Amino acid sequence: MVLPLFSIIQRLLRNALLAIIFLLSFSSCEKLFIEPDPQNTAVSNFDLLWKTVDEKYSYFTYKNIDWKAVYAKYRPQVQDGMKEEDLFKVMQDMLFELRDGHVNLYSKFNTSRNWEWYLGYPQNFSPTILERHYLNRDYEIASPFRTRVIDSVGYIRYSSFQSGIPGSTVDYLLNKYAKLKVKGIIIDIRDNGGGSISNVDVLASRFTKTKTIVGYTRYKSGPGHDDFSRPYVRELEPAGVYYPGKVVVLTNRSVFSAANDFASVMSELPNVTLIGDQTGGGGGAPISSELPNGWRFRFSTNQLLNAKSEQIEYGVAPDIKVDMLKADEDQGKDTILEAALTFLK
Amino acid sequence: MYTTLFRSASTFLLVAFASTFAMAQSDESQATPQKDTTKFTRYRVISPGFSLPLLRDEAVSPLRYTGFGLLFTINSWRVKPKVLKQTFIKVGSASMFNMANANDLTLFNTEFDYTFYRKVKSYREDRLRLLAGGGGDVLLNVKLLSLNINNQLGYDFAASLKISGLLQYDFQLFKRKFTLTEQLSVPVVSMLSRPPFSWPAPYDAYEQDGNLASAVQVASFGNYFRLQNRLSLDLFPSDKRRRKAKHHIASNWRLTYEWEYMQISRPNETKLAIPALLIGRVMRF
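From first to last, the protein sequence lines are chains A and B. Mapped onto my numbering, the consecutive letters of the first sequence carry residue numbers 1 to 345. Mapped onto my numbering, the consecutive letters of the second sequence carry residue numbers 1 to 285.
For the record, the hints were derived by calculation from the structure and aren't laboratory data. Just so it is clear, the structure is predicted and the values come from calculations on it, not from any experiment. Some hints could be false.
[To be verified] From the derived model, a few chain A residues whose C-beta atoms are all more than 12 Å from chain B:
| no. | residue |
| --- | --- |
| 1 | LEU49 |
| 2 | TYR172 |
| 3 | GLY240 |
[Stated by the list, open to error] Simulated restraints, written as ranges between beta carbons of each label pair:
| no. | chain 1 | residue 1 | chain 2 | residue 2 | range |
| --- | --- | --- | --- | --- | --- |
| 4 | A | LYS68 | B | THR106 | 30 to 40 Å |
| 5 | B | ILE279 | A | GLN77 | 14 to 24 Å |
| 6 | A | PRO223 | B | THR41 | 33 to 43 Å |
| 7 | B | THR106 | A | PRO223 | 23 to 33 Å |
| 8 | B | LEU233 | A | LYS108 | 20 to 30 Å |
| 9 | B | THR106 | A | LYS89 | 26 to 36 Å |
| 10 | A | ARG113 | B | SER265 | 27 to 37 Å |
| 11 | B | PHE97 | A | GLU84 | 17 to 27 Å |
| 12 | A | GLN77 | B | ILE46 | 36 to 46 Å |
[Unchecked claim] Here are a few chain B residues that sit away from chain A, every Cβ distance over 12 Å (derived from the structure):
| no. | residue |
| --- | --- |
| 13 | PHE40 |
| 14 | ARG42 |
| 15 | ILE46 |
| 16 | PRO48 |
| 17 | PHE68 |
| 18 | ILE74 |
| 19 | ILE149 |
| 20 | VAL188 |
| 21 | PHE236 |
| 22 | ASN268 |
| 23 | GLY280 |
Beta carbons are placed, not taken as given, at the ideal position from N, Cα and C, and that holds for glycine.
Just need the whole structure built from these sequences, with the hints factored in.
Here is the structure:
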């Protein structure tokens, strides 16, 4: 009795297996397994933007943002069939609530942004005064740097961390200024809006003799607003030519993102002093995403912390706070640069 | 609903495979042990082809990407009456675009695969043969999105132990001999690496010892599912040509239709399907 039953099951299994194999063989059923794209409607685009940010943005708790309330405020303003310029405006306003310079929405006709991190503050930098009264005509352009000796101090101007830094250039400059026995080095990163963090390490590694903890990084590890990885240690290792003298980093409110990180890293080194205004911030590195209508957006997904585990999203405070004075500007003087030269004398 | 359907089908397939394999084991154990002294016959087919991949990877985009790709495979196998050992190497690349046509993705995929089969049953005077077995494979998919900031690169790496089934059928049509081969593989346990939830590089990539542990996970059906389905049609030369040829068995053409589906659920779900058509000439060596 058992044997025929077993034989029937065996035959059934075999036939079923053969049938399934041949069915699968001739079917390209990938569209069955891979869900269709969200619809390209105003509501669908809005919802996808809100949801992606909801799951991956890294500063909701730190900034005390009620993202569900933001949805409730802006979602009723979106209807299918509305003009794309109007939809952009609603999405832009929604993203503005994040108060984050790393958040942008890109369409073919506009790019949304939140630049309050510098627009509400004094500029504290004048490229004209710098060029006409300090660099003059005989400065050197060494890779991304503009550099010269000013009052026995080695001055290095670095305007964007998007420009790659050859380590050999930094080594050349530091060797040169060490031979000239300058009183110190000024690294001017005012108005530097950031770029690649790898450039931060190349430059900063010349000013430490030992491996130093310069901060931590926490990553979003899940869709909850407080789902974060443990803080990963960030260490700065010495590289290239070590400069043992005094170093001043000049900062203002337009120092953002990788430049903000550079200010934070340098502030952990004992022979470095930050002079100027607080930096603009931007402590979370952004990633990109996209919507069915072809618009793209970016937003912060991690948190860079300083060595004391403090947030740097809203900037790094200088050791010596100096603002540009109108009277100095009228005389062609850069108050912050003058303060740095005085500090190093 | 699709997920349920998909899970049910895959579970059924596994059960079917397992039971077939178990039956094969019991058949073998009952037979009188005989040492197989036959030498392996070796074959190789080098096949170029094209593919039409479809991809969704939440690590780089919530949208589907589709496109056209080229691929190149080297398939070698050694055969005895009851055993088939197969190695398979695949390299492919595809240019893909999304529904909004607003971003381009380049997909590179490569795979190395070894499978051991043992004959389970044969029917119709050995013209229909069922083989079952298993093996291992290593695959790497790399996705490049030039317009993304920081997350330009997505990747999947998997090293798996798998179970496989193979069905071969010899038939004649218009006085020509054909062999139809169907292979199906499913990984059972795998070591996976994917970009973490919110960042393309492993979280601890910048830490002191460069430890990559945060990017590696051991996975099974709950988090990783892959189905490789390869249907090959061997067209043997005509009798007239065969008489002229040195190796009369080994000069057939092989047309292969391959359908591969891969799904990793965490972190960031990714699904990739690659249907492909390949053609190559089988060589005996």
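Results for each hint:
1. LEU49: Violated, since 10 Å does not exceed 12 Å.
2. TYR172: The assertion about TYR172 of chain A holds, with a minimum of 27 Å to chain B.
3. GLY240: holds, 19 Å
4. A:LYS68 x B:THR106: 30 to 40 Å: Given a distance of about 38 Å, which is inside 30 to 40 Å, the answer is holds.
5. B:ILE279 x A:GLN77: 14 to 24 Å: Because 56 Å falls outside the window, the suggested range is violated.
6. A:PRO223 x B:THR41: 33 to 43 Å: violated, 55 Å
7. B:THR106 x A:PRO223: 23 to 33 Å: Given a distance of about 28 Å, which is inside 23 to 33 Å, the answer is holds.
8. B:LEU233 x A:LYS108: 20 to 30 Å: At 48 Å between Cβs, range violated.
9. B:THR106 x A:LYS89: 26 to 36 Å: Holds, since THR106 of chain B and LYS89 of chain A (Cβ atoms, about 34 Å apart) stay within the stated range.
10. A:ARG113 x B:SER265: 27 to 37 Å: holds, 35 Å
11. B:PHE97 x A:GLU84: 17 to 27 Å: About 21 Å separates the Cβ atoms of PHE97 of chain B and GLU84 of chain A, which means 17 to 27 Å holds.
12. A:GLN77 x B:ILE46: 36 to 46 Å: Since GLN77 of chain A and ILE46 of chain B have Cβ atoms about 60 Å apart, the given range 36 to 46 Å is violated.
13. PHE40: With a cut-off of 12 Å, PHE40 of chain B remains clear of chain A, as the shortest Cβ separation is near 26 Å.
14. ARG42: holds, 26 Å
15. ILE46: Since the minimum Cβ distance to chain A is about 23 Å, ILE46 of chain B lies beyond 12 Å and the statement holds.
16. PRO48: The claim stands: PRO48 of chain B keeps its Cβ more than 12 Å from every Cβ of chain A (closest is about 20 Å).
17. PHE68: About 14 Å separates PHE68 of chain B from the closest Cβ of chain A, which puts it past 12 Å; holds.
18. ILE74: Correct as stated: the minimum Cβ-Cβ distance to chain A is 22 Å, above 12 Å.
19. ILE149: It is violated; ILE149 of chain B is separated from chain A by about 5 Å at its closest Cβ, not greater than 12 Å.
20. VAL188: holds, 18 Å
21. PHE236: holds, 21 Å
22. ASN268: It is violated; ASN268 of chain B is separated from chain A by about 9 Å at its closest Cβ, not greater than 12 Å.
23. GLY280: holds, 19 Å
Taken one by one, the earlier hints fail for this structure at numbers 1, 5, 6, 8, 12, 19 and 22, listed in ascending order.
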